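Asker: What follows is the residue order along each chain.
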Amino acid sequence: MARVNRLSVRNIRKSFGTHEVLRGISLDAEDGDVISLLGASGSGKSTFLRCINLLEIANDGEIWVDGEQIRMVHRNGRSKPESHRQVDHIRSELGMVFQSFNLWSHMTILQNVIEGPIHVLRRPRSEAIAEAEALLEKVGIADKRHAYPAHLSGGQQQRAAIARALAMKPKVMLFDEPTSALDPELVGEVLRVMRALAEEGTTMLVVTHEMSFARNVSNRVVFMRDGLIDSSGTPDEMFGGGGSPAFRQFIGHFGS
Amino acid sequence: MDFAFLSSTMVTLLAALPMTLALFGCSIVLGGLLALLLVWMRTGGNPILSGFAKAYIFVFRGSPLLIQMFLVFYGLGQFGVIRYSFLWPMLREPFVCAVLSLALCTAGYTAEIFRGGIRAVSPKEIEAARSIGMSGFLLVRRILAPIAFRHALPAYSTEIVLMMKSTALASLVTVWEVTGVAQRLISHTYRTMEVFLCAAIIYLVLNFVILQAMGLLEYHLSRHRRAIPQALKA
Chain A
1 MARVNRLSVR NIRKSFGTHE VLRGISLDAE DGDVISLLGA SGSGKSTFLR CINLLEIAND
61 GEIWVDGEQI RMVHRNGRSK PESHRQVDHI RSELGMVFQS FNLWSHMTIL QNVIEGPIHV
121 LRRPRSEAIA EAEALLEKVG IADKRHAYPA HLSGGQQQRA AIARALAMKP KVMLFDEPTS
181 ALDPELVGEV LRVMRALAEE GTTMLVVTHE MSFARNVSNR VVFMRDGLID SSGTPDEMFG
241 GGGSPAFRQF IGHFGS
Chain B
1 MDFAFLSSTM VTLLAALPMT LALFGCSIVL GGLLALLLVW MRTGGNPILS GFAKAYIFVF
61 RGSPLLIQMF LVFYGLGQFG VIRYSFLWPM LREPFVCAVL SLALCTAGYT AEIFRGGIRA
121 VSPKEIEAAR SIGMSGFLLV RRILAPIAFR HALPAYSTEI VLMMKSTALA SLVTVWEVTG
181 VAQRLISHTY RTMEVFLCAA IIYLVLNFVI LQAMGLLEYH LSRHRRAIPQ ALKA
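Order-wise, the sequence lines are chains A and B. 1 is the number of the first residue of the first sequence in this note's numbering; add one for each residue after it. 1 is the number of the first residue of the second sequence in this note's numbering; add one for each residue after it.
Honestly, the hints are just simulated from the structure, not real lab data. Among the clues, some could well be false.
Unchecked claim - BS3-like mimics (lysine-lysine), calculated; alpha carbons at most 27 angstroms apart, straight line: (1) 80(A) - 124(B); (2) 124(B) - 169(A); (3) 169(A) - 138(A); (4) 165(B) - 138(A); (5) 165(B) - 54(B).
If you're wondering where the values come from, they're calculated on a predicted model, not measured in any experiment.
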């Protein structure tokens, strides 16, 4: 039986005004893949991630999520999704974790986690709560479930945000620089949760500057430069001297 | 001090309290609904609707409420379309005219207050809602409106207090609410000081209750911004 790609992206292009941020990016993620997206700031990696769940609308290209293509209409050189209902559905299958957590400030941690399952997936409240509590246990903040986001440290908020995304039972998890807004001593607790998810076989696409994560946890490293994929390969290939000169120069900044 | 007169005045004025409360309640509810419609038009992105909402807000915030009330009460009847329409039996009632003009006016102010609340909602929280598949009315109902309302609440309680005081204007279009009854009493007794003092006390007590209630609501809705409860501290 042929494996269906969890995520398949073909030739994505995106411009802001005259500035072309993505110049034709293609990427496939199979079940259980953990892909690290590396690149200097401005290389387009966050924009690429945001195009996948349509927080930005790509000007051109194709996106499949779990075998379902996102239908786009092109008119007057602009493109937009054909069906908002499909966009909502696709987004519910992609768990997004943001750099600055983006928890809903007026809801407790538990309310944040059950919101999607109850109101988007229309699951029974009692089931949603039971699953949310298990997820909060898993990310290590079960004791904070009745606290509000503002009462938590950055690391705890990000773990809550991961639980919120997982509660939707997504096909693919997208991480947009999940540790970049954290104090250094809080990075480890978030990376530990992400490593555990990777080991469970979660399909993950991670925009990150954490070289240790890219090297030790992901099974593929993609290096972006100027809106294109400069080079990609297994961590061993990339970090073992196989990357492009630009990639070697890039990781040189991290002292690896 | 003539306590017998004061207490009998108080009793007379309190008899008009239900009318003041009815004016207040009806205009706040009607004005609130109208404000929601205006905010939707103003922020919805359609240039015609948004232009209409802007013009509406400008007109009703920019002209005196008393003149608006006179225009509704004395003015509308001059138009045959209205005078001979099925609406006339309602629009000839002073109470309906007063509520209508109070509601139309507060809708303009409230719409701007709500819009300020919406603008204060972090786009990141909206984005997070979109990212789990929320959109349209669900997103407004579950995320946008609850956060925006919390931001708007302090300014909105001021508007509500202003409305309570504005009901006094209805006396000028012959609605017998507290101020109207007070004036009638003065024209009979010529005891301006005592009667208006009693009326002022009634408004003060009403607004005290309203402000306490709004304060309680605000306290209840802002738990997420208060210090960490002891029980949650590690």
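Asker: Now tell me if each hint is right for this structure.
Answerer: Here is how each hint holds up against the structure:
1. Between residue 80(A) and residue 124(B) the alpha-carbon distance is near 22 angstroms, which keeps this suggested pair within the 27 angstroms criterion.
2. Proposed proximity of residue 124(B) and residue 169(A) is supported: the alpha carbons are some 22 angstroms apart, at most 27 angstroms.
3. Between residue 169(A) and residue 138(A) the CA atoms are separated by roughly 14 angstroms; this keeps the pair inside 27 angstroms, and the hint holds.
4. Among the hinted pairs, residue 165(B) with residue 138(A) is inconsistent with the structure: their alpha-carbon atoms are about 55 angstroms apart, more than 27 angstroms.
5. With a CA separation close to 26 angstroms, the supplied pair residue 165(B) and residue 54(B) stays within the 27 angstroms bound.
Going through the hint list in order, the structure does not satisfy hint 4, though it satisfies all others.
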